[in-house]
Amino acid sequence: MLNTHDILETITMIEDEHLDVRTITMGISLLDCSDENIDKACDKVYDKICRYAGDLVKTGEDISKEYGIPIIHKRISVTPIAMIAAPCQSMNPVKFAKALERAAQTTGVNFIGGYSALVHKGFAPGDYALIQSIPEALSETEHVCSSVNIGSTKTGINMDAVAKMGRIIRKTAELTADRDCIGAAKLVVFCNAPEDNPFMAGAFHGAGEPDCVINVGVSGPGVVRAALAKAGDCDITEVANLVKRTAFKITRTGQLVAQEAARRLCVPFGIIDLSLAPTPAIGDSVAHILEEMGLETCGAHGTTAALALLNDAVKKGGVMASSHVGGLSGAFIPVTEDAGMIDAARSGALTLTKLEAMTAVCSVGLDMIVIPGDTTADIISGIIADEAAIGMVNTKTTAVRVIPAIGKAAGEELNFGGLLGEGPVMAVNRHSPARFIQRGGRIPAPLQSLKN
Amino acid sequence: MRAVITVIGKDTVGILASVASECANAGVNVTEVTQSILQDLFAMSMMVDISKATIPFRELADRMQDLGEKRNLKIHVMHEDIFNSMHRI
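So the sequences go chain by chain: S and Z.
Letter by letter, the first sequence follows residues 995 to 1446 in our numbering.
Letter by letter, the second sequence follows residues 115 to 203 in our numbering.
Chain S with its partners taken away, still in its complex shape (with noise of 0.2 angstroms):
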């Protein structure tokens, strides 16, 4: 008989500290959807999709009910649509986005990546006019997320999609103005995009990946709150052991989650990203982790020493708990999803250069910051530009979701509501880095070794 500690403490953590599953993701390949002619190939992608994901919703549901853990979200990544898109590059790939969220509608999922280009090099066929249509694509579109890949350690980083995607972020806020720019939310530029990530806005299925596969993404920053307001006043070490405990357990029930999605739908399980995910809940914030550990704030001197530290044993206790790992796998810091952040980022504590120097040690990068509606596209290209370079050098994943808030200023507010949250309009350094993105070219590959 199992341990009634035990299960007690499992239910306590599901109904008290928000333990959940985040997102099953179904990750289809669509390589054998093109075709010149783009009705056709729009066809053949609804098809797929629908033919594949059919009872990703319905199975989610029934996994959840029969082990008693929400699963939050059932979504869908997609092979990069500039990929698919390429034979008809004449024609205006929107037609693809509208494919796309035709399926969600039809399977029911809240989200579908892949409205996606791979440019970390150069443009190939397809990826000039993909990119070019993503403002149009999100405005017109409810479920669609898009995302670009503009630099990588193994390429250095592409300055001319740099330089490009600062006018299409600015160019997707002012299209979804009416609508709290939303569709700047949908919207993820990465170096070092990982091809299995489950989580939206940056998923997309990979040209390496099978051609269907199931990926989990867990979360449950609640859960290790909790435990770490049980312990006290322990030392840091013991600090790190019990965040690593906690995830070991929230990454056991992912793999659990994982597993038997993958067995009822008959497809491959691919990997458990090992997330702590936030979303706008009291005590579901990764911000008042840091705060539990002993900041008076998020944001303070030692935030990111703290977030170091709370990153990596994420990953220590959950790497033991899964078969497989991948996608974005850490700690998140989305500030318009997280209570705590937001907290932090009104009062002032948290700022746009903190939180670019906690991005170096954590999952993703500058994720759901809202900035100025007046905003420079050669400055968003700028940040765009810091944070790849952060991601090149230190070998990880990084990325940038900011939203311009148009026709408002710093101490505004955006409401995107549900799980994407409200936030502050956060200052941004107004100082040009115009002439430095206008060149264009590529920034080298960096050196991998003479580390220092």
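If you're looking for bench data, these hints aren't it; they were derived computationally from the structure.
One or more of the hints may lead you astray.
Capping the alpha-carbon separation at 30 angstroms, the derived lysine-lysine pairs in BS3-like fashion look like this [as the list claims (entries may be wrong)]:
id	chain 1	residue 1	chain 2	residue 2
1	S	Lys1224	Z	Lys124
2	S	Lys1042	S	Lys1052
3	S	Lys1310	S	Lys1348
4	S	Lys1445	S	Lys1115
5	S	Lys1059	Z	Lys166
6	Z	Lys188	S	Lys1052
7	S	Lys1224	Z	Lys188
8	S	Lys1059	S	Lys1042
9	S	Lys1224	S	Lys1309
10	Z	Lys184	S	Lys1052
11	Z	Lys184	S	Lys1059
12	S	Lys1052	S	Lys1089
13	S	Lys1348	S	Lys1238
14	S	Lys1310	S	Lys1224
15	S	Lys1148	S	Lys1390
16	S	Lys1052	S	Lys1092
17	S	Lys1089	S	Lys1034
18	S	Lys1165	S	Lys1390
19	S	Lys1052	Z	Lys166
20	S	Lys1034	S	Lys1059
21	S	Lys1148	S	Lys1445
22	S	Lys1348	S	Lys1390
23	S	Lys1390	S	Lys1238
24	S	Lys1059	Z	Lys124
25	Z	Lys188	S	Lys1059
26	Z	Lys188	Z	Lys166
27	S	Lys1165	S	Lys1089
On the provided structure of chain S, position chain Z as indicated by the hints.
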């Protein structure tokens, strides 16, 4: 297939009987029961065999939830694997 039913709430007369009779109605066999009462908080866990259940798992979970709401208790029905995977290596 086995599941764990947990019941948490204020101790009153007949909790065990009501949960057990709901199990019997659904063809669910109770194999083990442990319960403890801390002050006046009642906590019970039941290991049950649902391989011969006459209703689907979802319905059993819904019925137990309704019973819990009626008696002001928190009742969960969860597949035993969730506990095994979390607490056993």
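Going down the list of hints, with the structure as the test:
1. The suggested pairing of Lys1224 of chain S with Lys124 of chain Z holds, with an alpha-carbon distance near 24 angstroms, which does not exceed 30 angstroms.
2. The straight-line distance between the Cα atoms of Lys1042 of chain S and Lys1052 of chain S is roughly 18 angstroms, inside the 30 angstroms bound, and the hint therefore holds.
3. Among the hinted pairs, Lys1310 of chain S with Lys1348 of chain S is consistent with the structure: their alpha-carbon atoms are about 25 angstroms apart, no more than 30 angstroms.
4. For the proposed pair Lys1445 of chain S and Lys1115 of chain S, the alpha carbon gap of about 24 angstroms is at most 30 angstroms, so the pair holds.
5. With a CA separation close to 19 angstroms, the supplied pair Lys1059 of chain S and Lys166 of chain Z stays within the 30 angstroms bound.
6. For the hint linking Lys188 of chain Z to Lys1052 of chain S, the alpha-carbon distance of about 25 angstroms falls within 30 angstroms, and the restraint holds.
7. In summary, the hint linking Lys1224 of chain S to Lys188 of chain Z is supported, as the alpha carbons are separated by about 23 angstroms, within the 30 angstroms threshold.
8. Note on Lys1059 of chain S and Lys1042 of chain S: the hinted pairing holds, with a Cα-Cα distance of about 28 angstroms set against a maximum of 30 angstroms.
9. Taken as a hint, the Lys1224 of chain S and Lys1309 of chain S pair is honoured in the structure, with Cα atoms around 22 angstroms apart against an allowance of 30 angstroms.
10. With a C-alpha separation of about 28 angstroms, the suggested pair Lys184 of chain Z and Lys1052 of chain S falls inside the 30 angstroms cut-off, and the hint holds.
11. With a C-alpha separation of about 20 angstroms, the suggested pairing of Lys184 of chain Z with Lys1059 of chain S holds against the 30 angstroms cut-off.
12. Using a Cα cut-off of 30 angstroms, the hinted pair Lys1052 of chain S and Lys1089 of chain S holds, with the two alpha carbons roughly 28 angstroms apart.
13. Restraint check for Lys1348 of chain S and Lys1238 of chain S: the C-alpha separation of about 25 angstroms stays at or below 30 angstroms, so the hint holds.
14. Our distance criterion of 30 angstroms between C-alpha atoms is met by Lys1310 of chain S and Lys1224 of chain S, whose separation comes to about 21 angstroms.
15. Simply put, Lys1148 of chain S and Lys1390 of chain S have alpha-carbon atoms about 11 angstroms apart, close enough for the 30 angstroms limit, and the pair holds.
16. Taking the CA atoms of Lys1052 of chain S and Lys1092 of chain S, the gap is about 23 angstroms. The hint holds against a cut of 30 angstroms.
17. Between Lys1089 of chain S and Lys1034 of chain S the CA atoms are separated by roughly 11 angstroms; this keeps the pair inside 30 angstroms, and the hint holds.
18. Between the alpha carbons of Lys1165 of chain S and Lys1390 of chain S the distance comes to roughly 28 angstroms, so the proposed pair stays at or under 30 angstroms and holds.
19. This hinted pair checks out: Lys1052 of chain S and Lys166 of chain Z have alpha carbons roughly 24 angstroms apart, not beyond 30 angstroms.
20. Taken as a hint, the Lys1034 of chain S and Lys1059 of chain S pair is broken in the structure, with Cα atoms around 39 angstroms apart against an allowance of 30 angstroms.
21. At most 30 angstroms may separate the alpha-carbon atoms for a hinted pair to count; Lys1148 of chain S and Lys1445 of chain S meet this at roughly 15 angstroms.
22. Restraint check: the Cα-Cα separation between Lys1348 of chain S and Lys1390 of chain S comes to about 18 angstroms, which is no more than 30 angstroms; the hinted pair holds.
23. Using a Cα cut-off of 30 angstroms, the hinted pair Lys1390 of chain S and Lys1238 of chain S holds, with the two alpha carbons roughly 21 angstroms apart.
24. For the suggested pair Lys1059 of chain S and Lys124 of chain Z, the alpha carbons sit about 25 angstroms apart, so the restraint of at most 30 angstroms is met.
25. Distance restraint check for Lys188 of chain Z and Lys1059 of chain S: the Cα-Cα separation of roughly 15 angstroms lies within the 30 angstroms cut-off, and the hinted pair is therefore satisfied.
26. A threshold of 30 angstroms between alpha carbons decides the hint, and for Lys188 of chain Z with Lys166 of chain Z the separation of about 25 angstroms falls inside it, so the pair holds.
27. Between Lys1165 of chain S and Lys1089 of chain S, the direct Cα distance comes to roughly 19 angstroms. Compliance with the 30 angstroms bound is thereby established for this hinted pair.
Figure legend: structure checked against the earlier numbered hints; the only hint not met is number 20.
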